Structure formats: structure tokens, C-alpha cells
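**Q** Quick note: the sequence shown uses UniProt numbering, first residue 1, plus one each step.
What the hints contain is simulated information worked out from the structure, not anything from laboratory work. Heads up, a few of these hints could be off.
[Stated by the list, open to error] BS3-like cross-link-like pairs, simulated, lysine-lysine; straight-line CA separation at most 27 angstroms: (1) LYS136 - LYS124; (2) LYS45 - LYS124; (3) LYS124 - LYS166; (4) LYS45 - LYS75; (5) LYS52 - LYS26; (6) LYS22 - LYS52; (7) LYS22 - LYS9; (8) LYS166 - LYS136; (9) LYS9 - LYS71; (10) LYS9 - LYS52; (11) LYS124 - LYS71; (12) LYS167 - LYS124; (13) LYS9 - LYS45; (14) LYS71 - LYS136; (15) LYS136 - LYS54; (16) LYS45 - LYS71; (17) LYS9 - LYS26; (18) LYS52 - LYS124; (19) LYS22 - LYS45; (20) LYS26 - LYS45; (21) LYS136 - LYS75; (22) LYS124 - LYS75; (23) LYS75 - LYS52; (24) LYS54 - LYS22; (25) LYS71 - LYS52; (26) LYS26 - LYS124; (27) LYS75 - LYS54; (28) LYS26 - LYS54.
[Unchecked claim] Computed spacing ranges between beta-carbons, pair by pair: (29) GLY151 - ALA16: 53 to 59 angstroms; (30) ASP130 - PHE49: 26 to 32 angstroms; (31) GLU171 - PRO20: 18 to 24 angstroms; (32) ASP18 - VAL185: 51 to 57 angstroms; (33) GLU58 - ALA16: 20 to 26 angstroms.
Keep in mind it's a predicted model, so treat the numbers as computed, not measured. We put the CB at the ideal spot given by N, CA and C, even for glycine.
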Amino acid sequence: MEAGLEKPKVCGTCGAGDAPLKCPCKAVFYCNTECQGASWREHRKVCTFDLKRKLERERDRVGGDDIAIAKACFKLGSLYQQQDRLSEAEEMYLEALRIDVVLQGEWCDAVATSSGNLAVVYDKQGRLDDALRMYKRSLRVSRRVHGDGHGSVANALCNVASCLDKKGQPERALAKCEEARAMYVGLY
1 MEAGLEKPKV CGTCGAGDAP LKCPCKAVFY CNTECQGASW REHRKVCTFD LKRKLERERD
61 RVGGDDIAIA KACFKLGSLY QQQDRLSEAE EMYLEALRID VVLQGEWCDA VATSSGNLAV
121 VYDKQGRLDD ALRMYKRSLR VSRRVHGDGH GSVANALCNV ASCLDKKGQP ERALAKCEEA
181 RAMYVGLY
């Protein structure tokens, strides 16, 4: 969004203009409390403010690292990423990754997924070296968890290829693409 342009304050429920109420997550406006109440059931699933409060309550409840906290951090990171709040997404993905490694070890699907999502965040931030490192980690873990010939491994290869291409390494990128293509052909 260009500087000086404000997001239109349109009610997220009825579409009325100049909606004065804003959810604390800053993602949606409402024209009145009735509209806010009517859409809360759906909005709460994607309300970063509400999810952050739930995460803090869960942390207080369990008192330490727990799979439920890792999942909540991952979900919150995904929502932040969808909203292009990349530094907040990075923070949540790093926390989810740390907890998953501590509790489940390096070689689990959650580590591969969090690494891949963190790589996307780094990629969007232009931090290509960090992105490539995380894409490779996601690939390595996916291979270990699923073995070659799995869709997630082929997808991870494509991600590595894309990052290599952005870094100006088209030959290496092409090799990864060809490896991914061979997997896709075998799968489908």
C-alpha cells in the first residue's frame, strides 16, 4: 500500500462504509457491535489478537515447552505471514521450530514444515541466504521423514530451486527442478 493511502474502513460483516469499530488485530472493521458479534465466530479463527491471548494462556497453563504451544505458534505465524507481518511471523515460526526440535527431535514433519514456512518469510524479506538455508533444512528433514519419492520432498526441491534461481545460480536450480520433476512423474 502506498504511503498516504488509508485502508477503507468497510464493515467486515455488512459492507457498510466508514465503519468506526476496529478489531484489536487491526485486520477488520465493524459498523456496530451487532455486526462485530455476528462475525466473531468466523473472525476469531483468524484473529491474531485472540490467538495471541490464547497462546499466552496456554503458556501459563503448561508452564514450559509443549506441542500445543508449538502448534499455536505455528498457526499464529501462518496468520501473520498471510497478513504480511513478516517479522512477527518469523518470531512465531522460530518459536514453533525451537519447541518442535526440543520435544520431537530434528527429524519430524513439523520441523520440515516450520523450516519451509520460515524460508518463505526470509524469501519475502529478501534474505535469500537465510531462505536457502531453511529451504535446504526443510528438504533434508522431509527426505529423512518421508524418503525420496514423496510429494513434500518434490515440493521442497522446487523451493530450493526457486531460491537458487533468485540467487543467480540457474544451473543448480535447473538440476533441482529436474530432480523434482522426476519425483512428480513417479508420483503422478
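**Q** Would you mind marking each hint as holding or not holding in the structure?
**A** Tested hints:
no.: 1; hint: LYS136 - LYS124; in the structure: holds, 17 angstroms
no.: 2; hint: LYS45 - LYS124; in the structure: holds, 25 angstroms
no.: 3; hint: LYS124 - LYS166; in the structure: holds, 11 angstroms
no.: 4; hint: LYS45 - LYS75; in the structure: holds, 10 angstroms
no.: 5; hint: LYS52 - LYS26; in the structure: holds, 13 angstroms
no.: 6; hint: LYS22 - LYS52; in the structure: holds, 17 angstroms
no.: 7; hint: LYS22 - LYS9; in the structure: holds, 9 angstroms
no.: 8; hint: LYS166 - LYS136; in the structure: holds, 15 angstroms
no.: 9; hint: LYS9 - LYS71; in the structure: violated, 32 angstroms
no.: 10; hint: LYS9 - LYS52; in the structure: holds, 24 angstroms
no.: 11; hint: LYS124 - LYS71; in the structure: holds, 23 angstroms
no.: 12; hint: LYS167 - LYS124; in the structure: holds, 13 angstroms
no.: 13; hint: LYS9 - LYS45; in the structure: holds, 21 angstroms
no.: 14; hint: LYS71 - LYS136; in the structure: holds, 22 angstroms
no.: 15; hint: LYS136 - LYS54; in the structure: violated, 32 angstroms
no.: 16; hint: LYS45 - LYS71; in the structure: holds, 14 angstroms
no.: 17; hint: LYS9 - LYS26; in the structure: holds, 11 angstroms
no.: 18; hint: LYS52 - LYS124; in the structure: holds, 23 angstroms
no.: 19; hint: LYS22 - LYS45; in the structure: holds, 16 angstroms
no.: 20; hint: LYS26 - LYS45; in the structure: holds, 14 angstroms
no.: 21; hint: LYS136 - LYS75; in the structure: holds, 22 angstroms
no.: 22; hint: LYS124 - LYS75; in the structure: holds, 19 angstroms
no.: 23; hint: LYS75 - LYS52; in the structure: holds, 10 angstroms
no.: 24; hint: LYS54 - LYS22; in the structure: holds, 20 angstroms
no.: 25; hint: LYS71 - LYS52; in the structure: holds, 12 angstroms
no.: 26; hint: LYS26 - LYS124; in the structure: holds, 22 angstroms
no.: 27; hint: LYS75 - LYS54; in the structure: holds, 12 angstroms
no.: 28; hint: LYS26 - LYS54; in the structure: holds, 17 angstroms
no.: 29; hint: GLY151 - ALA16: 53 to 59 angstroms; in the structure: violated, 44 angstroms
no.: 30; hint: ASP130 - PHE49: 26 to 32 angstroms; in the structure: holds, 28 angstroms
no.: 31; hint: GLU171 - PRO20: 18 to 24 angstroms; in the structure: violated, 57 angstroms
no.: 32; hint: ASP18 - VAL185: 51 to 57 angstroms; in the structure: holds, 55 angstroms
no.: 33; hint: GLU58 - ALA16: 20 to 26 angstroms; in the structure: violated, 36 angstroms
Violation of the numbered hints given earlier is confined to hints 9, 15, 29, 31, 33; the remaining hints are satisfied by the structure.
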